[in-house]
Each structure stands twice: as C-alpha cells, then as structure tokens.
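K.L.:
Listed here are the chains, written in short residue letters.
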Amino acid sequence: MKKNQQQTNEQKIYQDYAAKKEPKPPILLNCLKAFIIGGLVCTFGQLIQDFFLYNFDFNEQTAGDPTIAVLILISVLLTGFGVYDKLAQFAGAGVAVPVTGFANSMSSAAIEYRTEGYVLGVGGNMFKLAGPVIVYGTTSAFLIALIKTLWMQWGG
Amino acid sequence: MLQGSQSWKFVNEPVILSTGVVGGPFEAKGNVTKDFDHLFSDVWMAETTFEKAQTRLFEEASYTALSKINKKPQDMQFLFAGDLINQITATSFACRTLSIPYFGLFGACSTSMEGLALSSFIVDKGGADYILTGTASHNAATEKQFRYPNEYGAQKPPTAQWTVTGSGTAVIGKSGAGPVVTSATIGKIMDLGVTDPFNMGAAMAPAAADTIEAHFTDFDLDPSYYDYIVTGDLGEIGLPLMKDLLQQRGIMVTDAQCLDCGLLIYKSEQEEVQAGGSGTGCSAVVVYGHLLNRLKNQEFTRMLVVATGALHSPLSVQQDETIPCIAHAVSIEMKGVGNL
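Top line first, the protein sequences correspond to chains W and V.
Heads up: the first sequence at position 1 corresponds to 1 in my numbering, and the numbers run straight through without jumps.
Heads up: the second sequence at position 242 corresponds to 398 in my numbering, and the numbers run straight through without jumps.
Don't take every hint at face value.
Calculated pairs, BS3-like style, for lysine-lysine (alpha carbon to alpha carbon, straight line, at most 25 Å) [as the list claims (entries may be wrong)]:
#, chain 1, residue 1, chain 2, residue 2
1, V, K190, V, K224
2, W, K12, V, K344
3, V, K185, W, K86
Just so you know, the hints here were simulated from the structure itself, not pulled from any lab data.
Just need the whole structure built from these sequences, with the hints factored in.
P.N.:
Here it is, written out as structure tokens:
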C-alpha cells in the first residue's frame, strides 16, 4: 500500500484479506529468468564488442559505442515488430535493465504517439518513460561527483 | 417503479429486441467466438488511430443490432452509451454518424448495465418506443491511456486484466420477442482503499457484493431465484473475493451460479490475459452475445448481470488516490416459450 490516509477499520480488514488472496508474482522464478536472459543479453553485447575490437580499429574503451548502438538498433527493431513486450513479460528486469530497456521505452512511446503527430506526439512523448531515468540519473551522478570532489579536496 | 431503496421494477418488462456484438482479432481466438456477429482481423479496423478503431467498433455493433430488426438509426428515440477513453470521445464520434438523441455515460466497465438500466426505465415508463444502448472498448487505446505504450516491455503482475477489444449494443423496445428486462439495482460508490490499478478485481469486488446485497434486500429475494449471477469483469481475483463477501453477509451464492464475463471471454491458454478480461466492452460483448444466446436457447431462464466499474483515472492513481468502484445490476429473464 502507498500512503495510508485515514483508513476506516472496514478498509483495513478488506485490504488485509484481499492481500492474502492475491497471487504473488513468482519473485524467485522472475529473478532467475531476469538473471539468465539479462546475462545472455550482456554476453551477446560482449560478443559484439569483441567483433568490433578484433575486426575494426577500436580499443576496449571506444568499442563500447558501436556495441551500444547495435544493441539499441536490435531493441528498437524488436519493439517495432511487436516482439519486445512479449519478451519483457517473460524476462522482466533481464531486458529492462540493460540499454535495450531504455531503447524500448523510447521507441515504444514514439510508436504509440505517432498518431498525435511528429512534433507534439512523437517529440512530446518520446521521453515520457525515459525522462525520469535521465532526470534522476543526471541528478544522482552530479551529487555523487560533488561528494567525490569534496572528499578528494578535504579528505585526501 | 421504485422498489426498496435503490432499485427499479419494470412492470411492463421492456424487451431486448436485438443485439450487435463485434470483436477484434484477439477475441477471435477466445472462448465465445461463435457469439460474435463480426470479428475484425486487424486491431486497426482499417482506421488510422486506435481511438478511431474503437469508434468503428461501436458503429459496427450499432448498425448490426439495428439491421437485425430492419430498423434505422432514426427509428431510435434515444441512445445511451459511453466508453473508457478521455471524455468518451470514441462513443460521441460514433454518435455523429448515428445521429440519435444521445446520453453519454461514464461508468467505466459498468457502462453496459448502466445504459441497459436507464434505457429499460425510460422504455418501461413510456418515454420511448426504442432505445439503443451499448459500449465499446479497444485494448490498445485503453492501454495507451491508462497504462504504458503498447509495445513497452513492462512485466505485468498476475492480477492484471486484459482490456477487451469489442463492442456490444442492444435495442430495447416496448414489446416484441426476446429476453425481457425485469428489474435493476443502481449501485453506490464503494472504495475500500485499494490503490493498485493492476488489481482491479480486488478493488471492484466490494462494489459488486454491495449492489447484489441491495438487490436481494430491495426485492426480498433469495439468490436461488437466479440461475446465474453474472459479474462484469472481476476476474480470477475479484470473483472469489465477491463470493466470500456475500457469504459473510449471509447471501449464499453457489460457485456454479457465479459467472464472470472476464473469465468467460478468453481461453485459459491465452496467457496475456492474466487474471481475466476487462474493459467496458467485456460485459457488453459477453452478455449481449454469449449469455443472451444461451438464454434464448433456453439453457437457463434468469440471470442477474452485475457490471462493475473502477472509476479511477491515470491522474488520480499518480496522486495516490484510492480506486472508487461501482456496480449496477440488471435482471434479464426469458419468459415462456411463446416469446421465442
């Protein structure tokens, strides 16, 4: 339950009762699926990286960029062909946490709001799901960097 | 006429003269496919947006219901309809072409019985000879508004329900052949503090139980009076909860007696469905199609249809509000073989 405003006794009793009857998501199984599928996505990513590393003029640092681009492309294509959401229902966090999840959140929103036009539809809604990730990712990165800098200045 | 505290008894027994039931491709793989008048093979219904596709569903169902009894839209005095899309535009756009004097309803998934109760009351009182009522929902349009983009990979919990792509409409008339509407009980908002929009069955079960209890109190009836008590879309989670709530209050419904439209419409191997079907179209499609067909085949004679609606919005959920729910009950009966 989220915020418990003033609840009546009847509400509390019912909620407890309903919670008991509610089938719980199989957390352990879902974790296992996420671990395996997520691991496979990362292994696949590693293969792509090695491909770029050994066949082109990249080093370990720069090979990451084309690798991510390829993963994003695959993820966007799977989203467009309507496969990604079915895969995600099975794999859960396994395909949500890697960069593929981010690509899916943006492309799915872009596809969905195409009917509202390119500017206000696609442009306005593309970051609907990815926006919070960017906002809080950037904010927390800034805060951590600030703490690190201060620590190095005064602590070291 | 008013019966008890919140019910109507229809002494002149308005008749459901005709129905129109259409669905989408996912429903075509379901459990009650032969009860549809038309099944679209594409989720876009040859339209350019999902919202227009829903409008198309409602138009198709309406014209089907009218054509079965050789009526035209202008023969209808009123139209009671609504849907789930913002400001019920999908229905209103359909009414642009139907051009019948129109009452727009919003009762979420209870709209089907809200419309049938109001239509029957007006016909019963002589306020109209013919009324068209119904509702439509579209899976993609509803997901887009209430949840995430359709192609977004979010893992849904086992309590989630699947919005039906379909539309069911009915023509209610003063007299004629067909099942009759004998009474209705209008529900009040019940909110037992459930906040999870992915568990609507649990949120709506108390509303259904409250309306059913009121119905039996108002008419001084026993549950055994009905062959079936049909809930709108409580699903796998809500239906047992409702039975428990009723039994706690001393209303002894049996397991065999309780049906749920959300559980009837799809096959169990359709995994995306999770806890059952939902959406305004769910009860409309199953009641006006599958159940009325069985009633006309005399497989049973009386049913109480209790359509339940969760009256939240995506905004109210984000603001941490609980989900207010409602249920309206309508009694539909098949009287004598002579009516057939």
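K.L.:
Of the numbered hints stated previously, which ones are contradicted by the structure, given in increasing order?
P.N.:
none
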